[in-house]
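From these two lone chains plus the hints, build me the complex, please.
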Amino acid sequence: MREARCILGAGARMEKKPIDRRGFLKSAATGAVAAAVPTSMHAQDHEHEHDHQVVPSDPALRAKALESLMVEKGLVDSAALDALVDAFENKIGPRNGARVVARAWVDPEYKKRLLNDGAAAIAELGYTGEHGEHLMVVENTPKVHNLVVCTLCSCYPWPILGLPPVWYKSAPYRSRAVIDPRGVLREFGLDLPEDVEVRVWDSTAEIRYLVLPERPAGTEKMTEPELAALVARDAMIGAGKVSPVEGAKA
Amino acid sequence: MNGIHDMGGMQDMGPIQHEKNEPVFHAAWEGRVYAMERAARAWDKWNIDAGRHGIELLPPADYLRMSYYQKWLARTSELLVQRGLVTREEMETGQPAPGSQKGTPALTVAAVRSGAGNRGNFMRPDANARARFQVGQNVRARNINPLGHTRLPRYARGKAGTVARHRGLFVFPDTNAHFLGEQPQHLYSVRFAARELWGEDASPRDSVYIDMWDSYLEHA
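First to last, the sequence lines map onto chains S and C.
Each step along the first sequence adds one to the number in the working numbering, with nothing skipped, and position 136 is 136.
Just add 250 to the spot in the second sequence (first one is 1) and you have the working numbering.
Okay, chain C solo, but in the shape it has when bound (with noise of 0.2 Å):
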């Protein structure tokens, strides 16, 4: 989905605000929301891909206009709704359905303190699926415009680069958030030259690294 959260290359944005000394959290609620998102996913309701796109989803003035946590809140909220852990109804009164059942956090202490409640990997060695380029090839990302989730930038779309490593096979996350499936493919560094992405008043030196599924690519 071509939407605002895709803003690699845009520009006057103003300054970058660097806080000295800053808190990992902001405010305790901010804390509150990034445990409950964890711990909510715990349930595997979702995954890390569908929460992305909830976030991408978000009005874009809205995007920009909320804090990074108030997006994480709106976020898990709709998601709660959405994959059935909360009602609507539930949501809006703030009170669990008259009768429903209390169910057992999927989420423990012990196992946060383990690290036994953290997600998995996303490399997928034994699926079957071919490799198409490698190391060293030159390449094109497609121009493809999804109307889901996708990872790949608007700015790297259709721009020529060279395969720098091999990284395997992943979880495709463009099936993945929208739940239908894991579908992995080969996962590449692919080295863009400035340039070839920003014309000629880029510096010849500099490159770019984006890390490319096998289907966002074609032979060059």
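If we strip away everything but chain S, and leave its shape as in the complex, we get (with noise of 0.2 Å):
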């Protein structure tokens, strides 16, 4: 990547503080980060590296340092990396998703199979790829409410919704959502009756949730496309509900 060899050869960075490539790299190789190694069954080896408390000060720099150094060893393509990002800030996110809830709201038929199998429904919509493998689609109605969270790390439905919200990925909400997700869904605004029943869903293994909120009232006359406008993300994680003042908002 051309920026990269621009801040470690002479960005005003380094004119301040002389930094080589040695430095951002070394914590990333020793203490803390030495633990982060899966070795056997029996991770027994790793208790005496907790004392280590190594965070990155500049995980930018470093970050550019470690670029440089697998493009130069031939193991990472900078155009390759940059079209990955691409992706994702510019093709892949909660659109996606909208689209499918909206023709899921028109189409009986797509409703159906959406329902019976995730992966395959959406695919028709030519949303594929990783973390979309394998899909569940779980539905809203007045007496059933769903919540997705993965309590272990960040799973998410890629293809669908993107990457995920810092707020998904976050102790807060992973701690919380399985233990209390009324409480969590009042924080997000949501306060459900006693009498709907709240489904959480813990991604545990590579099956990825997508909740199909309910489509709300006085949207019908609307379009497909319309309707897909009205679709917010935190509403397809079971974070909210799709209300047409809001949704035409966002």
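Some hints here could point you the wrong way.
Below, computed lysine-lysine pairings styled on PhoX-like, alpha-carbon distance capped at 25 Å [claimed, not checked]:
1) Lys221/S - Lys91/S
2) Lys270/C - Lys352/C
3) Lys169/S - Lys270/C
4) Lys169/S - Lys91/S
5) Lys270/C - Lys91/S
6) Lys143/S - Lys111/S
Over the 12 Å line for every Cβ pair with chain C, so calculated as not near, a few chain S residues [to be verified]:
7) Asp107
8) Glu109
9) Glu224
Worth flagging that the hints you see were computed from the coordinates, not collected in a lab.
Fair warning: this is a prediction, and the values are worked out from it, not measured in the lab.
Yeah, the Cβ is synthetic: ideal placement off N, Cα and C, and Gly gets one too.
If you want it as structure tokens, here you go:
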């Protein structure tokens, strides 16, 4: 990547305080992160590493140094990295999922296929890829509300929702979604009546989940693209509902 | 491993910080780190489960303090060394070892654009493993505390549930993460009543569905 050389060579930062690549990468190869290695089923060797508290001071510089090293070794092609970033910044995101939802709202046969085999029905609209190999669509109704979480890491249906937002990957959400889903939903502004059943889906395997929100009242005459424009990301995680007014603003 | 990553059911982690109009990446380096992990994994020197375990092995205080992509950067750097794509010396100097041969990147632009560079799926329908459970059956999550990688969250261990769906044969992360093979097992969606997991204060209607491999379960 072009910029990497620039910053490592003669950026403004370098003039103030010269740092070479050695400094950026060293902490990645020693100390705390040396513990970050799957070695055996009995990971008994890493306890002694816990006294290190290595937090990268400047991950931007470390990332550039690592990319330069990997490019020089012929491990990665910077243009391929550009393409990976571009895909998620410009092509793949919650608009994909919103199209799936709108189609299900207007086409009962499609909805049937979607609930029966999520990945196949979503592939009909052209959305496939990593973290979308196995998809289950769960339907919200007046009596059932679904909420998706990954308590162990950050599993999320990339091809239809893009990469997950920070809150979804954060400790507060991951910890409480399973023990206090109603409290979590209240934080999102959704106060569910007692008689609604809440189902939380913890993404522990490679199955990814999409919530099919309820179609809001007053949308009977809207077209499929107009409906898709109402559907925001959070409703497809279950952390919200679709309402015509709020959705229209989003 | 009973690590800090296994946080389902913990409390007092603070309010959920919802950011309006959140960008996909908050800084350019986050996108590069994301892409470097994808491109490095194309060398097939590690798999998704080993990658997850690499993050789980970060010291707990660092795990909580580091941002998501800081954790990715630490994980990818370490796996590159552990799996032999980069030497420790190269990582420390930031320069390829003198005289080392330059490789050809495993992931090309064309493969990214066509999707050919994507990982495959995780079903292994031809694997030889028996399904010990069926839909509707009462089961109990085993109380196991392995030191290695597992996808059986602590909050479910020892709890009784009902098999809601049989998903078929899937790669088993507990072995795959440690390069001990895929050893596919049947996977089930198991429904746990909120009261079984959290006691009488939980809603009598609510539940948590967890995807569970065959060996995580016993008959109840």
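request  = Provide an ascending list of the numbers of those earlier hints which the structure does not satisfy.
outcome  = Those not satisfied are hints 1 and 2.
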